[in-house]
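In order, the protein sequences belong to chains A and B. Heads up: the first sequence runs through residues 2 to 163, numbered per my numbering. Heads up: the second sequence runs through residues 270 to 1355, numbered per my numbering.
Since the hints were made in silico from the structure, they are not lab data. Quick caveat: nothing in here was measured; it's all calculated off a predicted structure. Take these hints with a grain of salt, some might be off.
In silico lysine to aspartate or glutamate, EDC-like type, Cα no more than 20 Å apart, as pairs [unchecked claim]:
| id | chain 1 | residue 1 | chain 2 | residue 2 |
| --- | --- | --- | --- | --- |
| 1 | B | 290 | A | 97 |
| 2 | B | 290 | A | 71 |
| 3 | B | 319 | B | 374 |
| 4 | B | 1081 | A | 79 |
| 5 | A | 14 | A | 97 |
| 6 | B | 1242 | B | 1279 |
| 7 | B | 290 | A | 85 |
| 8 | B | 450 | B | 440 |
| 9 | A | 4 | B | 374 |
| 10 | B | 706 | B | 676 |
| 11 | B | 1124 | A | 85 |
| 12 | A | 93 | B | 285 |
| 13 | B | 1124 | A | 79 |
| 14 | A | 130 | B | 391 |
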Amino acid sequence: MNKIKVSFKVNNKDYEIETTPLRRLLDILREDLKLMGTKEGCGEGECGACSVLIDGELSLACITPATQLEGKEILTIEGISDKDGEPSYIQKAFIDKGAVQCGFCTPGFVMATHKYIKDGGSNDETKIKEALSGNFCRCTGYAKIVDGVKEAIVRHNDKEAK
Amino acid sequence: MKKVVGTKVKRLDAYEKVTGKAIYGDDINLPKMLHAAVRHADIPAGKILKIDTTKAKNLKGVVSVLLHDDIPTVKKVGPIRRDHNVIVKDSVHFIGDVIAIVAAETLETARKAADLIEIEYEEEQGIFDPREALKPESKLIHPEYKSNLVVHYPLRKGNVEEAFEKAESSDDEIIFERDYKTPYQEHAAIEPEVVIAEPNHQVKGVDVYGSIQNPFTTRKVVSIFTDLKLNQVNIIGSTMGGSFGGKDDIINVMACRAVALSLATNRPVKLAYTREQAMKEGYKRHPYFLNYKLAVNKNGKIKAMKINIVADSGAYSSQSFFVTWRSVVQATGPYEIENVQTDIKAAYTNKPYTAAFRGFGSPQIIFAQESMMDELANELGLTPYEIRKINGFKQGSKTASGQALTEHKVSLMEVIDIALEKADYHNKLKEFEKYNKTSRRFKKGIGFSCSYRGSSLGAEGVDTTSAIVSVQADGSSYIMTGLNENGQGLRTTYAMVVAETLGCTMEDIQFLTSQTANIADGGPTVASRGTIAGGNAVKDACDKIKANIFSVIKETFNVTEMTELVWADNKITNPQTKQEINFADAVQMTLNEGINTSAYGWWKSPDVSWDKETGQGNAYFTYVYGCQVAETQVDTSTGKIDMLNMVAAHDLGRVINRTGAEGQVYGGVAQGIGYGLLENYSVQNGIVKSENFDEYLLPTIKDIPNIDAILVENPDKYGPYGAKSLGEPTLELGAAAINNSVKFALKKKYNANPLTLERVFLGKDLVKKVRQSEVVSKERCEVPNINSKSNSETVPEKTTDRVSDINITVAKTLKEALEIMSNKKHWIISGGTDVIVQLRKEKYHKELLDISQIKELKITNEIDGNIVIGSACTFSSLIDNELIQKHYPLFIDGISLIGSTQIRSRATIGGNLVNAAPCADSVPSLFVYDASVKIESTEGSKIVKLSDFILGSYKNILGENEILTQIIIPIPKDKKYYRYFFKLGRRNALNITRMSIATMMSFDDNNKIDEVYIMPGSVFAKFQRLTNLEEFLVGKEFTTDLIEKVIALLDEKLESEIGGRWSSPYKIPVFKNMLRDALLTILEEK
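One chain only, chain A, in its complex shape (with noise of 0.2 Å):
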């Protein structure tokens, strides 16, 4: 079994580890990092549970392979949250909204936000749900979800005026 080394970010964090080279990138958070923030939860990129962001791009960690991570920049979830570690503005609006049922697919629909507005992402909630479209809730029905997203994009509109 050949091990190739690659070097990445995680969360700003360096890390460089040896590896088998197809190794899924949500195994080398979950057991190698200890990120269990990252879920899994079809393993075929369908559900979005894994949902993380490689160079600023929203990817799926269970079909992303080593090889693909030298010198990425990768955010999970436990990178999110404000500066003081409070967890992040889009975090709060899902606590407050409701938005939170089981908690599995969480993570990944906070991924999935933090790139909408940061992308300058608007509160039309016919681009709100295409920008969600990747993600499975089995719980909520997603609208309380939306109404998360419509909350952290006013909150983020109002730290933005300040």
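Given chain A's structure and the hints, the job is docking chain B onto it.
Here is chain B on its own, set in the frame of chain A:
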């Protein structure tokens, strides 16, 4: 005074969930923990002749391999009937049977070892239809039970035969009969099943962690299986990633397996399922076959109802005894009928077994009976509303089981009226009727369904539960309960009951994860009884504590009755004197007197009754009522249904947490939409076809419309603060409401769900007919064409989803990549969205070459009147590219609909073309734009037309040493092109294309058709433009007549090329419609 009950409260566990800190089952890793894997059967029915574990045992890192005979104790489990072998011995009952279990140092080793176990079978013809299973001549699936019948519940009220005789001879009455069929439904909690077992030396037993819905049930099953006493088994639940009834029996047998391995190795063992394994082995909602026969007075009054239902229990009896019992109680729906005769039977088949799923025997009967009520109304010239008003339960009505509804508010008509008003139902009926008369393609519908539902377990069994509330000296408190937080929000609800009852604040309450060792058996968290049962137990504990505190402080207040004081806002107040004491001080005073401020709460349901012979009795102590209204839009060209709106009105007794209650409604409605429209767990001849979420379609965020959640409150005397049930009723109504809505839109009736494209369009589903022998051999041996022409490698089915023995070489430059390819054949990977998924599922062991980092392949340029796109460009980058936007809007239309944001950011255009799937979304528009591709090897390069590159389904001309490097598209002439792209899929996102059409047209100065391109996707065996149609159109005046002529031409072509296919009865007429829609849209735009 601050009320807590009824307000919107944030979940107690939201913080850890949004931050990713919550610990779910798979997040638990214990020191020295082993990983387990199971070996599933390879056939749906037959004998096991031989099992050879040698190779598995010899694999480095394997610690234990256990077969049936290695289990020293009880081997079979089951809630009523112990017919479920935890590890099967010599016969296979369904494809998800487990034949061997393995523990190894790593997960990958364990799964690999499971794959290496060699099994010889003697395959037998399975039974796949429960009606077939019940025939006397049918083979017995479990011979020891002497029949394939699992259970039969009869219900007899009045005299049905007499009523039918009377109806037959009466001019005032009619006989009305209908058949319905409902499918399997998979829970699809986003967290797959996982358990961890660990030896507990202190009690000489085991501890079990994991995604466990009903810890006390799991404890009982493990105790039976191991012969350990209940006090030697401790179940410690983890945060649950959804359950919906799904993590009960399957988790119990998984727990037994993990425990067996743990006891055999004396180490902790984790058994985690992949999605495929969970889909294959996990139980589902029962498929039902239902026959309803009515005697009805022409004025609408139903005089008699005779119901025959056969439920598919699958390979095991599991919860069939309970699920079908609820069905027999509620099968008439909320209608008062004098004469009722119901028979429901569940039978074994060689298919995945069936058990609890939110709704529990009600969505099936409601789909049938509520669809039927609309059809009956139609038959009698009444409205759906009128028929329900005539027959619906009123205060004091008697149910089919003879129970008089006197102990609670019968709010059936109330919820119907509220829901219909909110939906503006009566106006919309007229409005849509009018709309449908003029709208050619789209028709709108509105329809509703209603139900009644017994709260909690009813006469199913002993209905009790437990809670502990412990108030500390500073006024803060702990709660523990016998019921489980499964994601539904039970902890928050209980904390609110404590805050309301004791008058303390939410912030001062902590909920402790219960362990079975720490609290009395609280029964299962099922039957929407979390609030009514557990809430009562919590309140009971609080009332006891309150009484203790009151016994001390009453002297201080100089009062004699509890009611004289108000407990709220962390204070206890006498409103008369304004005297007040802080709650914490009152607690301290009580403790100082040596009096306890902790208490055990207990709840036992009010009495219920049931006579098994007659099906008569007071089945449940209270009932809830609900009504849902569905607004739909049907595309008559394709049969695709879009949800426009849902209204859900539910009488839940009393709202505790408004946020949580609304969340339950939204979530249940979404699952009901899935059941009604999308979710079809497909099992053909015993083989599971829906293995993962690409084949089992869950609703995406774009499939769920606005939902109006209306919480109707009629407090119940038995509920905590009047609260009853909500979780399940929210799911059970949607499919029927949607069916009624679609029926209104199309004036057609459908007797089965989900309403797939084919069912809506043709009135039936199309299934590829294959014999079992063919299915089995094909499934096991044939490797689908994936990437290239070569298709020679076959290795046994694998469950290993980790593929560390595959080598990937990363090329930095194209030159390097070509050199690597010239030395040895490699499978090329770029975005990985196809390759990695296929590696996981299929049986390839190849060398991979990663070209995703080759810069030359990631650029897009304008060169000599062409746009040249590097093959490793992702779809996101192309969608954002201004050159592409400017020149190829039709291409943008097509690729914008690929997968999801996540997929588009990884998937590349080169991958899509090389994969050459018939449903590839980038291909049709590239054919229209006449794209070519550049193929390179160390020997040179060539440019070929895309149409010559793709040979057919999953076939291309790429040689073993070649790489597709560029896509070259001529820049279209600078003139006005009209374009139309349509992609047909079952959902609105994450779609696999069923068919698509890309069309582009231009007109000359005389308004004649100048250029025209018609390109179908996923229609023919090989991608091809419809050039004969194009040629026919060019130079002609564009009219509706011309369009019909060209459709006739298309018809000939379709009939001759795909006419014989199993799918053609759908594809041919629908693709004709798609072309008509394309051309008419352009005609209109022009």
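Evaluated hints:
Pair hint residue 290(B) plus residue 97(A) holds up; C-alpha atoms about 18 Å apart against a cutoff of 20 Å. Distance restraint check for residue 290(B) and residue 71(A): the Cα-Cα separation of roughly 27 Å exceeds the 20 Å cut-off, and the hinted pair is therefore not satisfied. A threshold of 20 Å between alpha carbons decides the hint, and for residue 319(B) with residue 374(B) the separation of about 26 Å lies outside it, so the pair is violated. Annotation: proposed proximity of residue 1081(B) to residue 79(A) is violated, straight-line Cα distance about 31 Å (limit 20 Å).
Restraint check for residue 14(A) and residue 97(A): not satisfied, since their Cα atoms lie roughly 30 Å apart, outside the 20 Å limit. For the proposed pair residue 1242(B) and residue 1279(B), the alpha carbon gap of about 12 Å is at most 20 Å, so the pair holds. A C-alpha spacing of about 17 Å is found between residue 290(B) and residue 85(A), which places the hinted pair at or below 20 Å, so the restraint holds. Our distance criterion of 20 Å between C-alpha atoms is broken by residue 450(B) and residue 440(B), whose separation comes to about 31 Å.
Between residue 4(A) and residue 374(B), the direct Cα distance comes to roughly 19 Å. Compliance with the 20 Å bound is thereby established for this hinted pair. Of the pairs offered as hints, the one joining residue 706(B) and residue 676(B) is violated, with about 48 Å between alpha carbons and a cut-off of 20 Å exceeded. Distance hint between residue 1124(B) and residue 85(A) is unfulfilled; the C-alpha atoms sit about 39 Å from each other, more than 20 Å. Between residue 93(A) and residue 285(B) the CA atoms are separated by roughly 11 Å; this keeps the pair inside 20 Å, and the hint holds.
Between residue 1124(B) and residue 79(A), the direct Cα distance comes to roughly 31 Å. Violation of the 20 Å bound is thereby established for this hinted pair. Among the hinted pairs, residue 130(A) with residue 391(B) is inconsistent with the structure: their alpha-carbon atoms are about 51 Å apart, more than 20 Å.
When the structure is compared with the earlier hints, violations turn up for hints 2, 3, 4, 5, 8, 10, 11, 13, 14 and for no others.
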